[in-house]
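Chain order of the listed sequences is A and B.
Counting in the working numbering, the first sequence runs from 1 upward without gaps.
Counting in the working numbering, the second sequence runs from 1 upward without gaps.
Hints were generated in silico from the structure; no laboratory data involved.
Watch out, some of these pointers could steer you wrong.
Straight-line distance between alpha carbons at most 25 Å, and here's what the computed DSS-like set of lysine-lysine pairs gives [to be verified]: (1) B:K303 x B:K363; (2) A:K301 x B:K204; (3) B:K363 x A:K75.
Please read these numbers as outputs of a predicted model, since none were measured by experiment.
The residues making up each chain are set out below.
Protein chains: 2
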Amino acid sequence: MNLQRIADKLGIAVDRLQSLQDTKISESSWPEPQLLRFDKEISGIEAGTVIFRNGEIVWGYPSIRRPLMLEAAIKRHFIDSVAVEEKMNGHNVRITSIDGDVVALTRGGFVCPYSTEVATRLLPEDIFEEKPNLVLCAEMVGPENPYVSQDVYPTDSIDLYLFDVAQKNQRGTHGVHKTHEIAEDFGLKKTAFFGEFPRETAHKRIKEIVIKLGRQGREGVVLKDPENRVAPLKYTSSESNCNDLAIAFSHYNDYALDFFLSRAVREGFQSVEWQESVEERRERARRIGESILLPLTETIKNKQQGEIIMQRIKIRVKSLATARGFEYHLRRCGIRAIFDQPLPDDDGYTIGITKIIMSTNDKTEALLNGEMW
Amino acid sequence: MNLQRIADKLGIAVDRLQSLQDTKISESSWPEPQLLRFDKEISGIEAGTVIFRNGEIVWGYPSIRRPLMLEAAIKRHFIDSVAVEEKMNGHNVRITSIDGDVVALTRGGFVCPYSTEVATRLLPEDIFEEKPNLVLCAEMVGPENPYVSQDVYPTDSIDLYLFDVAQKNQRGTHGVHKTHEIAEDFGLKKTAFFGEFPRETAHKRIKEIVIKLGRQGREGVVLKDPENRVAPLKYTSSESNCNDLAIAFSHYNDYALDFFLSRAVREGFQSVEWQESVEERRERARRIGESILLPLTETIKNKQQGEIIMQRIKIRVKSLATARGFEYHLRRCGIRAIFDQPLPDDDGYTIGITKIIMSTNDKTEALLNGEMW
Numbered sequence: 001m002n003l004q005r006i007a008d009k010l011g012i013a014v015d016r017l018q019s020l021q022d023t024k025i026s027e028s029s030w031p032e033p034q035l036l037r038f039d040k041e042i043s044g045i046e047a048g049t050v051i052f053r054n055g056e057i058v059w060g061y062p063s064i065r066r067p068l069m070l071e072a073a074i075k076r077h078f079i080d081s082v083a084v085e086e087k088m089n090g091h092n093v094r095i096t097s098i099d100g101d102v103v104a105l106t107r108g109g110f111v112c113p114y115s116t117e118v119a120t121r122l123l124p125e126d127i128f129e130e131k132p133n134l135v136l137c138a139e140m141v142g143p144e145n146p147y148v149s150q151d152v153y154p155t156d157s158i159d160l161y162l163f164d165v166a167q168k169n170q171r172g173t174h175g176v177h178k179t180h181e182i183a184e185d186f187g188l189k190k191t192a193f194f195g196e197f198p199r200e201t202a203h204k205r206i207k208e209i210v211i212k213l214g215r216q217g218r219e220g221v222v223l224k225d226p227e228n229r230v231a232p233l234k235y236t237s238s239e240s241n242c243n244d245l246a247i248a249f250s251h252y253n254d255y256a257l258d259f260f261l262s263r264a265v266r267e268g269f270q271s272v273e274w275q276e277s278v279e280e281r282r283e284r285a286r287r288i289g290e291s292i293l294l295p296l297t298e299t300i301k302n303k304q305q306g307e308i309i310m311q312r313i314k315i316r317v318k319s320l321a322t323a324r325g326f327e328y329h330l331r332r333c334g335i336r337a338i339f340d341q342p343l344p345d346d347d348g349y350t351i352g353i354t355k356i357i358m359s360t361n362d363k364t365e366a367l368l369n370g371e372m373w
Numbered sequence: 001m002n003l004q005r006i007a008d009k010l011g012i013a014v015d016r017l018q019s020l021q022d023t024k025i026s027e028s029s030w031p032e033p034q035l036l037r038f039d040k041e042i043s044g045i046e047a048g049t050v051i052f053r054n055g056e057i058v059w060g061y062p063s064i065r066r067p068l069m070l071e072a073a074i075k076r077h078f079i080d081s082v083a084v085e086e087k088m089n090g091h092n093v094r095i096t097s098i099d100g101d102v103v104a105l106t107r108g109g110f111v112c113p114y115s116t117e118v119a120t121r122l123l124p125e126d127i128f129e130e131k132p133n134l135v136l137c138a139e140m141v142g143p144e145n146p147y148v149s150q151d152v153y154p155t156d157s158i159d160l161y162l163f164d165v166a167q168k169n170q171r172g173t174h175g176v177h178k179t180h181e182i183a184e185d186f187g188l189k190k191t192a193f194f195g196e197f198p199r200e201t202a203h204k205r206i207k208e209i210v211i212k213l214g215r216q217g218r219e220g221v222v223l224k225d226p227e228n229r230v231a232p233l234k235y236t237s238s239e240s241n242c243n244d245l246a247i248a249f250s251h252y253n254d255y256a257l258d259f260f261l262s263r264a265v266r267e268g269f270q271s272v273e274w275q276e277s278v279e280e281r282r283e284r285a286r287r288i289g290e291s292i293l294l295p296l297t298e299t300i301k302n303k304q305q306g307e308i309i310m311q312r313i314k315i316r317v318k319s320l321a322t323a324r325g326f327e328y329h330l331r332r333c334g335i336r337a338i339f340d341q342p343l344p345d346d347d348g349y350t351i352g353i354t355k356i357i358m359s360t361n362d363k364t365e366a367l368l369n370g371e372m373w
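Next comes chain A alone, as it looks inside the complex (with noise of 0.2 Å):
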C-alpha cells in the first residue's frame, strides 16, 4: 500500500495514518479482499471506513441523527425544503466493486459473505463495469435478513432498496437526485420517495406519512436535503419504537440499557409534539406498557418451561462456502449462532440458524431458580 496516497485521499498526515494503523485500525483479512477497518471514528473520518489493500478507500456511512421535536428540529435544520424518504427496518450496507469483485460491507466495515451473496445475485452485473468507482448504499430488508428479520416488505426472502450512492476515494454520498438517476439507469429498487416539502410546514404531511407507515408496521422516515447541503435526519413511528421495546424487553438482559430509555423518551416527545388527546395518550401508554411486559413474560414462561432462549432466522445461499463464510462473520462480530444442515433448495441451500441470546437465557434460568437480582 502507498501510505502516502492513501492518508492524502483521508486528508490526514501520513505518520497520523501510520500510528492509527498500529494501534486504532483493525486488520480484517477475511474474506477476501483484505482491508483495514475504522472500528470508530478517529480523526473525522466515519467510523466503518475501510481501506482496501488496493489502496481503494470506501468511507463509512455518517450515522443519521434524530430529532425530537420535530417541527422545530426541521425549521433548525433544513434551508428550504425537505425531501422525505422512507427510512426501512434492515441493515444498511455499502456494495462496491474491488478488483473486479461485488463486495458488501456491514456498518462497521467488515465484508459480509452473506450480504456479498445477496447483492451479487441481486444487482445488474454490467452496473460495476460502467461505473467502477460508484458505491451503493442500499438497506437490506426482509424475512430472510439474518440481521434484522421483517416481514413487512414485499420480499419472502431479501430485497435491497437504494437508499444514497458515493463514490470510493471521495468523501460524502450525492443524496436524493444522483441515487434516483442511479436506480432509474440500472434498475435498482430504491427506497419509496414521498416527496419534497416545504420546510414551514414539511412535519404536518411527514406525521401524516409517519403514522400511515406505523400502521404498516414500517420503520419510518428519513428527511434529506434534495440538494444534499446539510445532512440528513430520521424519526420513527411509535409502532416501530415499540417494537424496538418489545425486541429488547424479550431479551432485556443482552441489550444495551439506553435502547429503552432513548425508545421511551421519543414516544413522549412525539406525544407532545402531536398534542395528543388523553384518550390518544393512554393508548400510546397501553402499547408502551404492553410493549415491555408482554415480550419480557413470555421470555420468562418460554424460560420457565425450560425452553432456551434464542431466535430463529433462515438465510438462503446459493453457496455452502457463503454459509460458512456467514458463520465465521457471526462469530466474529460476537453472535453465538448455531447452523442447521443446509437443505437443498431450487438452486441452493435454504439454512436455518438458531441465535442464542445468552445473557438474558442465562440470568432468567438464575432468577427462575431463586437468585437474587
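Put chain B on the given structure of chain A with help from the hints.
Chain B alone, transformed into the frame defined by chain A:
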C-alpha cells in the same frame, strides 16, 4: 486515633488501614463529630462504615438483596421460617450517640444535620444514656422527608421507624427480636411486623401482603430470618415499581438508566410468578406504560410552557443552623437545591426547598428547540 485498635476492630491489618486512609477513605470534618467514611465497600467493610475521631466505629448497613421469583428464592435462602416486615419508603439512617451527642448517619456515612435534628427530637432522651453503644437502624418517612417525600404514612411531618439495631464497634445487626425489645423498652415506633410464616408457604402470604400494601401506595416487604441467621431480602409492590418508573421518567435524563430496566424486569417476574390472567397482565402493562409516558409528557409540557423542571419539598427545623447545615449537606451530596426564606412556625421554622433537576431541565429545553437526541 489509635490506628492499631481501629484496624483490629475492622478486622484488617494496620498498614492496610493506613494505605486506605491515604487513598480510599474520605474524611468528613463537618458537621461535628469528625469522621472517616468508607465511600464504597473496601476489604469486605460495608460502604457507609464510619470511624469517628474518638475511635468508635459504626458499620454500614448491609445492602439487602432482591429476589425476582419469591417462592424459589425463599426456599433457596431461608432455613425454616420467614419473618415479614414492612419495607418503608423513606431514607435509611443509623442513629447513635458519639461523645454524648446524637448523630444520624446517612446510608453513605455522612452526618445529616436535618436527620440528626429530627432524631434528637423524636427519640427519648435517656436511650443512649442507658445504652451508650446502641445503634438504631431506622427509616425516616413522611412528607417532610427531603430525600423521599411520601404522604402514605401516618404523619404530616416526618417520623422515624426502627427496623434493626446494632452496636458501635461491632459488625452485624441484632435482628427482629432484639429490635422489637428495644422498640418496646423505649417506646419507639417500629416498621410493621406482619408475622412469621413457614418457609414452604410464606410466598403465598407475602403475595397477599404485598398486594394490600401496593393498594395503599406503600412500598413492600423485608423478609428476615427470625433468628437472624441469614441476610434479609426485600420485595416490592407493583405500585412501588411503577411509582419509581414515574419518578424516573419525569426526570428522565437525571436518573441512572438501570433504574428503568430493573423496575420493568421486576414487573415481568412478578406477573409470571403470580400467574396473572390475560386481563391482569394487560392491566399491569397499562400501569407500566402510563407510569412511563404520563410523567414524561408532563415534564415535556411543563418545560414547553417555560417552567423549570424541579421538585418542591419542605422541611421543618427547630434551629436555623440545622437548615444551613442541611443546605451545605445537600450541596456536598451533589444535589442542587434552593432554600426559601424560613417561615417561623410553632417552635421553629418551615422552609420550602426547590431541587433543580438540572440534566432533564437542560436536555428537554434543547430537544424542544429542535436539537437532536
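Status of each hint after checking the structure:
1. B:K303 x B:K363: holds (10 Å)
2. A:K301 x B:K204: The given pair, whose Cα atoms are some 20 Å apart, holds under the 25 Å limit.
3. B:K363 x A:K75: Holds, at about 19 Å.
Checked against the numbered hints above, the structure breaks none of them.
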